[in-house]
Amino acid sequence: MALSARAANPRQRRPPRYAIAIGIAVALVLVLVASSILNYVYLDTVAGRTSLYGLLAVALTALGTFIGVRGFDRDPEQRRKDFIRAGVLLGLAALLWLLLIDVFIFTGAAGPTVAVICALACLPTTAFGLWVVRRIDRNEKEPWRLVLVAAAWGAVVATSLVIWAESLWQLIAIRTLVPGPGLDVSTAFSAGILEELAKGSAVVLLFLVMRDEFDDVVDGIVYGAAVGLGFNFMESVSYMTNLYAIFQPEGVGSYAAGFQWYARQVLGLFFGHATYTAFVGAGIGIARQLPGTRKKLIAIAAGFLVAIAAHFSWDAWLTLFPIEKTAIGILEIHLRTLIMTGPFTAAVLALLLLGLHIESQALGDQFRKEATRGSGAIMPAEVSILMSPRHGGVYMLGSDAPITWNGATVQRILGSSQAVKDIGDAPDAAYLPRQPWPAIFGGMRWLQDGDVGRFVGDVPMITDDHPLTEYYLLHQLFSADGPSVTEARLRQLWPG
Amino acid sequence: MVAAPVDQVRTLYRTLLVYAAVSILILVAGLAEFAYFEPPGQHTGLKATITGVFQYDPASNTTAGPDRNSFPRSMLFAAVVDWSSLPKNVVVDARWYDAFGNVVGSVGPATPDKLASQTIIPVRVPPGFQHNLPGHYIFVVERYEGGVPVEVIGRRVVLVER
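If you're matching them up, the sequences are chains D and S in order. Taking my numbering, I'd label the letters of the first sequence as residues 11 to 506. Taking my numbering, I'd label the letters of the second sequence as residues 579 to 740.
Everything labelled a hint here was simulated from the structure, so no lab data went into it. Where hints are given, some of them may not hold.
Claimed, not checked - For the chain D half of the interface with chain S, some residues (derived, Cβ under 8 Å), not all of them:
1. I182
2. A183
3. R185
4. L187
5. A292
6. L315
7. A319
Idealized CB from N, CA, C, for every residue including glycine.
Kindly produce the complete structure, drawing on both the sequences and the hints.
Structure representation (structure tokens):
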């Protein structure tokens, strides 16, 4: 019986990339454990102790990620439970890491209250950054859960990876190099190489494990920037708390922490780690779209290289732009960021815009082909207005050819494995109706073609040149100040 | 998301390669800067004698107490160097760096003869502050070549406690 059941439902083979992902994850964990123990035993520095005790936070993050990723393949009810568990674990990891930073690095100096205030101050700005980064992917927004996982990896795992490595590098450097520019350059290489490798490993893991949600350069930039924002959050909290502890006895602790907040969470929110790691993501995203292993590897390496160079240049040559301790210094700080990091941010924006343009063109081409080949999904009228089967929304479909519905084609497209998966991944998948789609579409259609013209009257035509069919909504009736569009209000206005 | 045309992806790829080429130039410039300030083959085997790091009294410009590796932030301190242990034809200086990499005390550069009267090199409290900032302070005696410090011939690291 068991054999026949297995034969009827063969278990899907996991793709080889999962093995690579597991290999990388195991290697990262081994490096973390070994280095933390070595740090603790031989260096006995504060950072060494932090990295050892921080392993628990890292383990929680890894477990949370595993449960969250596993949830994608489960039924909606189980998936919801998995996501809640994953969220709790990731939250605990972040909290534990914050406590560790406070307890082991700033014990008796800044105190937990300061650490909490610093973290709370950085939360809204980081959340804003994540919101913006996710929103720029206008054609297909990435799931919030993955964006948050990326940020958590940047905040907890990447920071854990670099603490031990940078401590060791610094320890050796200050005992062997001539202090001054040479040592500064060495430290900049340390930060550029180690931090970008640590953050980049999170993006690589996301790419390997969540390939279905990692389509192209735009997705790569989104995930890379999210990892960078998570890293920036934790780094901001630690710098703010540390500088508060250092300068508070002189009475300027709040000023020092506040300045760090502005520099890292406002001025440097996008002009910093988000930009650097976005390059790693861009490289991986471009690799996703390229044919041939060699080109893929070159693209990934190029992404890392640009990220390292961007980060290095800031750390190494910051002192080339000294800041005066006068009012003009405020202007200089902004100019310095603009001059030093601005070109890199502009470069990553250029990749992003090019990626979005390519996405839009590809989608447009796809729609045109679908409409012209007469396969039936979109056929020759101009507009169709649909009501949500759960009465929760109004949708408008437009085409340069008349629209009719072909039940067989609708069933073929929406019944495909990819479409079933996409629909199942929707946040409200549990509430979607389970009837056959052709019947649902038939019931949703409210007005079409000439009826739409009669309803709106003789008014200018508004066109939408972005392929956002799934998000196309009219928010207000007739004007920005008008009442919200609802099915009931629309039906009241329809004389027919 | 539907697949993009190969030509357009090639444009993305080539753009990234251009960025990577510029990045290589940046990193090479960094290596060149590092090589300029840390030139290879400068090891002479010279050793400056740092007598110790002691509590410092600025009023009398004297040191007191035992050689220490850590100080509370309210305590002033200074390094003492025996310049007579160095050959007369080298150019050297001595500097204190605080945890932020700022120079917070120095003598030289000059020949050891000219520095003979400056054996005590104190750490200066930053202007506007009452105490030293906490962290690891590095004291180095450096040998100069061509107007640039090229070799550390004496080094001490001390901790200023929080």
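The hints, checked one at a time:
Interface restraint check: I182 of chain D against chain S, minimum CB-CB distance 12 Å, threshold 8 Å, status violated. Here the hint on A183 of chain D is broken, as its CB sits about 10 Å from the closest CB of chain S, past 8 Å. With a cut of 8 Å, the hint placing R185 of chain D at the interface with chain S holds, because the nearest CB-to-CB distance is about 7 Å. Nearest Cβ of chain S to the Cβ of L187 of chain D: about 6 Å, under the 8 Å cut. The hint holds.
Hint status for A292 of chain D: holds, given a least beta-carbon distance of 7 Å to chain S, under 8 Å. Restraint check, L315 of chain D versus chain S: the minimum CB separation of about 5 Å is within 8 Å; hint holds. Checking A319 of chain D against chain S: minimum C-beta separation of about 3 Å stays under 8 Å; hint holds.
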